[in-house]
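Asker: Letter by letter, the chains look like this.
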Amino acid sequence: MTENVEIIKGASLWRDAWKRLLRNKLAVFGIIVLAFMVIAVTIGPAIIAWATGYTYDLIPADRELVRSMPPSLKHLMGTDDAGRDIFARVLQGGRISLTVGIISTFVSLIVGVSYGAIAGYLGGKIDNLMMRIVDMIYAIPYILIVIVLLNAFSGKNTTTLVSWLPQIIVSLAILIVGILISVLLFRALFDKFVATNFGVFLLKTLFIVFSISVLAALVFLASSLVGNTNAGVWLAEQYSTNVDPGLSQIFLLFFALGLVSWLTMARVVRGQILSLKNQEFVMAAKATGVSTPSIIFRHLIPNALGPVIVYATLTVPSVMLTEAFLSYLGLGVQAPFASWGSLAADGVKNIAIFPWQLLFPGLTMALTLFSLNFLGDGLRDALDPQTRKF
Amino acid sequence: MLSFIIRRLLIIIPMALLVVTLTWGLIRLAPGNFYSGEKKLPPAVEANIRKKYGLDLPWYQQYGMMMSNIVRGDFGDSLKYQGQSVNEIIRRHLPFSATIGILGYLLALAIGLTAGTIAALKQNSSFDYASMSLAMLGLSVPNFVLGPILVLIFGFWLYWFPPARWGGMSSLVLPVCTLAAIYAAYIARLTRAGMLEVMRSDYIRTARAKGLDEKTVLLRHAVRGGLIPVISFTGPALAALLAGTVVVEKVFAIPGLGNIFIQSVLNRDEPLTLGIVAFLSIMIMVFNLIVDISYGFLDPRIRYE
Chain A
308 MTENVEIIKG ASLWRDAWKR LLRNKLAVFG IIVLAFMVIA VTIGPAIIAW ATGYTYDLIP
368 ADRELVRSMP PSLKHLMGTD DAGRDIFARV LQGGRISLTV GIISTFVSLI VGVSYGAIAG
428 YLGGKIDNLM MRIVDMIYAI PYILIVIVLL NAFSGKNTTT LVSWLPQIIV SLAILIVGIL
488 ISVLLFRALF DKFVATNFGV FLLKTLFIVF SISVLAALVF LASSLVGNTN AGVWLAEQYS
548 TNVDPGLSQI FLLFFALGLV SWLTMARVVR GQILSLKNQE FVMAAKATGV STPSIIFRHL
608 IPNALGPVIV YATLTVPSVM LTEAFLSYLG LGVQAPFASW GSLAADGVKN IAIFPWQLLF
668 PGLTMALTLF SLNFLGDGLR DALDPQTRKF
Chain B
265 MLSFIIRRLL IIIPMALLVV TLTWGLIRLA PGNFYSGEKK LPPAVEANIR KKYGLDLPWY
325 QQYGMMMSNI VRGDFGDSLK YQGQSVNEII RRHLPFSATI GILGYLLALA IGLTAGTIAA
385 LKQNSSFDYA SMSLAMLGLS VPNFVLGPIL VLIFGFWLYW FPPARWGGMS SLVLPVCTLA
445 AIYAAYIARL TRAGMLEVMR SDYIRTARAK GLDEKTVLLR HAVRGGLIPV ISFTGPALAA
505 LLAGTVVVEK VFAIPGLGNI FIQSVLNRDE PLTLGIVAFL SIMIMVFNLI VDISYGFLDP
565 RIRYE
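In order, the protein sequence lines correspond to chains A and B.
Per our numbering, the very first residue in the first sequence carries number 308; after that it's consecutive.
Per our numbering, the very first residue in the second sequence carries number 265; after that it's consecutive.
Simulated from the structure, these hints should not be mistaken for laboratory data.
The beta carbon of each residue, even a glycine, is placed where N, CA and C say it ideally should be.
Any given hint might turn out to be false.
Unchecked claim - Far from chain B, by Cβ distances over 12 Å, these chain A residues were calculated:
| # | residue |
| --- | --- |
| 1 | V335 |
| 2 | F343 |
| 3 | A356 |
| 4 | P378 |
| 5 | L451 |
| 6 | I452 |
| 7 | V484 |
| 8 | K511 |
| 9 | V550 |
| 10 | F561 |
| 11 | L583 |
| 12 | S601 |
| 13 | R605 |
| 14 | I608 |
| 15 | A659 |
Unchecked claim - Pairs of lysine to any residue residues, derived as SDA-like cross-links and limited to a Cα-Cα distance of at most 20 Å, are as follows:
| # | chain 1 | residue 1 | chain 2 | residue 2 |
| --- | --- | --- | --- | --- |
| 16 | A | K332 | B | F391 |
| 17 | A | K332 | B | A394 |
| 18 | B | K514 | A | K432 |
| 19 | A | K332 | B | L398 |
| 20 | A | K656 | B | L416 |
| 21 | B | K514 | B | M433 |
| 22 | B | K386 | B | H485 |
| 23 | B | K344 | B | Q527 |
| 24 | B | K514 | A | T512 |
| 25 | A | K432 | A | I444 |
| 26 | B | K386 | B | R484 |
| 27 | A | K656 | B | A394 |
| 28 | A | K432 | A | W325 |
| 29 | A | K432 | A | L491 |
| 30 | A | K332 | B | M400 |
In isolation and in its complexed conformation, chain B is listed as follows (with noise of 0.2 Å):
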């Protein structure tokens, strides 16, 4: 287990680093620069820029020194916010991007796990087939649009939470509602369908033949086999939460990570790219590592040597 913990955590830094080179091969490969605007410079001022940045170099040496740089944690400084680090800009938007990402995934968790496992337990019920059509809603909706209609029934029409902009818990409430609709609904068909299954096995039926009450046959048997098919959805939804984050960031005007990101690329600000593209790699793969860990403590089969 230890062993395979290591393996995996030795992987991810040139895992890492293979995404960066990804990165900088196509900011690099795409023709125009950062500071190739409307307005063409003059050559000479275009050349102290080059010299600048170190672009009059070879490409190899480019990379080396950014790779070196990388290496030892230092992403260099962004080319659009002039005079600040890239690991200064990450650390002072990061709180915002993860306290929705969190508490998105958090309550998308608690809804769906609740309804899913209703659902499969009240097989072909009402409330079954209410909640698995409300799902589908969820999936079938993107979240550029269910977040302005949330906010213009909410924040313009009951007046309940304000409608955009950080501050207080109040105004926390529609961006993760927001955020987790999407992840409540896949989590809530994946719990269903995965306990319709647990249920019908044969440790369960061993469990009640024992004579456990159906409370402990329940919570201690059937949801950790149930819980196998969400846990696996993690891993993509760790992804996919940052595309989610980038929407809801920019619908609901919250200075996080997601739409410096956006804005980076679009400025083709290159060291800040970079910068955001290895952390959030880096944090996908160390949850990635994390859920693959928590198979062996749900599933008692399931073994890592």
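Looking at chain A on its own, in the form it has when it is part of the complex (with noise of 0.2 Å):
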């Protein structure tokens, strides 16, 4: 008798969505063509280097080289200006765009879906606070911002920027701990109190906790402007002597991209969190003493995870474009480092001559772009059955 027993598997919600992704012919090839792309930029230039010793700053020796060569098969995508070769460039510049995408993407991950899962979960006057937070910044016209940090702290500018770091750190996690400790302690107590004069009196104490730790964290954060401390020097010195510039530009676009793009995932994440809270599984977590803590990250989090995902994949396509525009106005990656943007910013001066400069990165980058568009469908309509396709 045991042995006619199958054992049936029942779909999850993962498995199931798998299977309808699948079905989505786009997003496979978006698939495909994103899994191409990972791995030409990250074997690709060494491939490159080692068939026809050309690299992304390689500039020929030779004088004659140093031009605009048209495509052929020792430059499959022929050179820019200066001899370099476009497609270890292109491969190069990969790996920088996918970069500050990836890394943008995962600072806005985590700071957003954080703080969304906070404010929706805690609700109330906590929520409306954070939230008209949000609101402000999203009044305010980002992008300018972007363009006078990253060109205030351009270049060696950014040691000073680096040298304010332990600050910074020290003042954001004196905030955090503060107002956690008395978010969670208001949390609580107040509740068993609420009538009393000694709920009262706790409410008043808590704002002085939570006043005396914001004003803390802004002292902190302003005393940086006035003194450097050891630490700040020191890791200035250390910045200054170990990275190169140029790199050092594309660490502040990662900074600069990442600071704008957390405040959409917090939304998402907040509308998410508010219709899964009333829901009976987090009652019976309450009910089991589980902390507030472990039912934001362990329950919620986890089921508000689909469009979250989602909105991932679709913010990588919008940082890329961001960082792209930046390089365009001379903002971004500069030379000889690349990204697509960049090389893509460098072909349209030449476009009316040398049609090629523009034409392979510019076709890579809207390739990827396009693929993680599709994804970024395929993936809401299999994670998401209410907005799926009928």
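From the two separate chains plus the hints, produce the assembled complex.
Answerer: Shown next as structure tokens:
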């Protein structure tokens, strides 16, 4: 009798979604192209260097070769003004473009998801305050501020920013710990004493703790402007001796783009959490005495993951486009380093005479963005049955 | 409703001042100054310059003076364009940017709404697939690549439109199309998704059940609901439109505000940068307010207190 029993595997949400995704031809196309791109930019530059001797920054010693040459067998995508091989540059640029996209998306994931989840779960006044802050930053034309930031701290000035890192980190830590302690204490204690004098007293104390932590963080941050800490000076020295200025500009780009890309993510997550938090499994977790942080991070966030993944996939192309825009203005990646954006921007200058200088970087970039967008759409259809195509 | 509008309008001013403070802080925190170029100035000259622009005062006095001037609407004179006030420069260059910006967004709305609605009504038809693929392409090509390609085709090969510069209606065509492409793509996708959802909702079934003809159902009931996501997009779109006009102005050599802004940042022309940042923040916040108000007209369920 027991031999006939088959174990039936229930189709989990993820398995189901994966099946739906594989049925979507465009999404599969996107996955294949992206996998190919990632492999190409990872091992490509080494192969090019081995096969032709060209790297992304190699300017040929022979003066005859220092000019734009059309695509040939030796240079599959031709060369640029300085005689550098565009194929090698496109592969190298892909590394930077994809890294910028992925790192900024990663920042937006960590910051946006925690922020949105905390706001959505705690609700009430705290949610209101946290979301007003997001609204405020949203109303600012952030692109203007990013431009000012990139210009002000580019080149040698990045070390100034680095020397403030210790203060910035400590102030943020003070701020976060202060807010968390006051919020959690408030949540834990206030319900019990809500109508008593002690409750009012508690409220006042917590408000004072909260204000002190904010003030302390601000004072500490301001102190960085007056004098530098030893740690800061040491960091700045290490940074300026070890990091190439070109790379430094790229780090600055990560920082600037990460700074602004978490806002929409926070909104998406908050909306998701709001709809989840009144469901039975959360109540069950509360009833069995699970703590607030672990309800947020163990129960709510995993359940809100679908839209988060979708939105993250769509953030990568939008960040890459912003990077391209900044590189076009001359504020992003600078030669000899390259990104697809900066290569396309260089190519645009010679579009009428040497069209291949625009064509190949532009096509590669468009193809990648195309694939990412298709993959994002496919994931949305697969993970979110509510908005699935009918 | 009225108190909601007044409250939002009152918030705009402190918000704009906050943005100005932030920008000022960023400019000031960075080492270097507008006069520090390749060549080092003699100390006496530098001291004179610092005195003239009040840079020898402590920072809180400089900040206070600047803020009190800005609150009165005076952004001072540009440091780079000698003898021209910031307000004058903004007034002179704004019309160019505003023209391409507004025309571009209107064109994007017209194309996006039409394509999105038709795609939703004829779901899974070849028009649906074609327009959505085109929209995806629009989202994937940066506008500084699209612009020069359009110039090459329509300016240099076909001689239909002038390739750059400002003058007459025909010179507007290429910049406006370049700017509109990405927004048309976004709006078409949003409209399609919104319309698909609305067409399945109960109130559309009710409208049909009470015997309205299909045209009335579509234009009076469905479009209003389907527009909501498009309206929500308008807020972020305006901020992005700024970036778009910067590129378009650069590609087509149009003397608009975007280019002036980039130049002012590169020159570290502080009053001009702050003036433009303040002006654009206020514009964006006012437009966001208009967007929020228009929700109420589109969807009778949304109310403000």
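Asker: With reference to the structure, classify each hint as holding or not holding.
Answerer: Each hint, compared with the structure:
| no. | hint | verdict |
| --- | --- | --- |
| 1 | V335 | holds (15 Å) |
| 2 | F343 | holds (17 Å) |
| 3 | A356 | holds (28 Å) |
| 4 | P378 | holds (18 Å) |
| 5 | L451 | violated (5 Å) |
| 6 | I452 | violated (6 Å) |
| 7 | V484 | holds (25 Å) |
| 8 | K511 | holds (27 Å) |
| 9 | V550 | holds (17 Å) |
| 10 | F561 | holds (17 Å) |
| 11 | L583 | holds (21 Å) |
| 12 | S601 | holds (34 Å) |
| 13 | R605 | holds (32 Å) |
| 14 | I608 | holds (25 Å) |
| 15 | A659 | violated (6 Å) |
| 16 | A:K332 with B:F391 | holds (18 Å) |
| 17 | A:K332 with B:A394 | holds (15 Å) |
| 18 | B:K514 with A:K432 | violated (45 Å) |
| 19 | A:K332 with B:L398 | holds (17 Å) |
| 20 | A:K656 with B:L416 | holds (12 Å) |
| 21 | B:K514 with B:M433 | holds (19 Å) |
| 22 | B:K386 with B:H485 | holds (18 Å) |
| 23 | B:K344 with B:Q527 | holds (10 Å) |
| 24 | B:K514 with A:T512 | violated (56 Å) |
| 25 | A:K432 with A:I444 | holds (19 Å) |
| 26 | B:K386 with B:R484 | holds (19 Å) |
| 27 | A:K656 with B:A394 | violated (32 Å) |
| 28 | A:K432 with A:W325 | violated (39 Å) |
| 29 | A:K432 with A:L491 | holds (14 Å) |
| 30 | A:K332 with B:M400 | holds (15 Å) |
The structure is inconsistent with the numbered hints 5, 6, 15, 18, 24, 27 and 28, although it conforms to all the rest.
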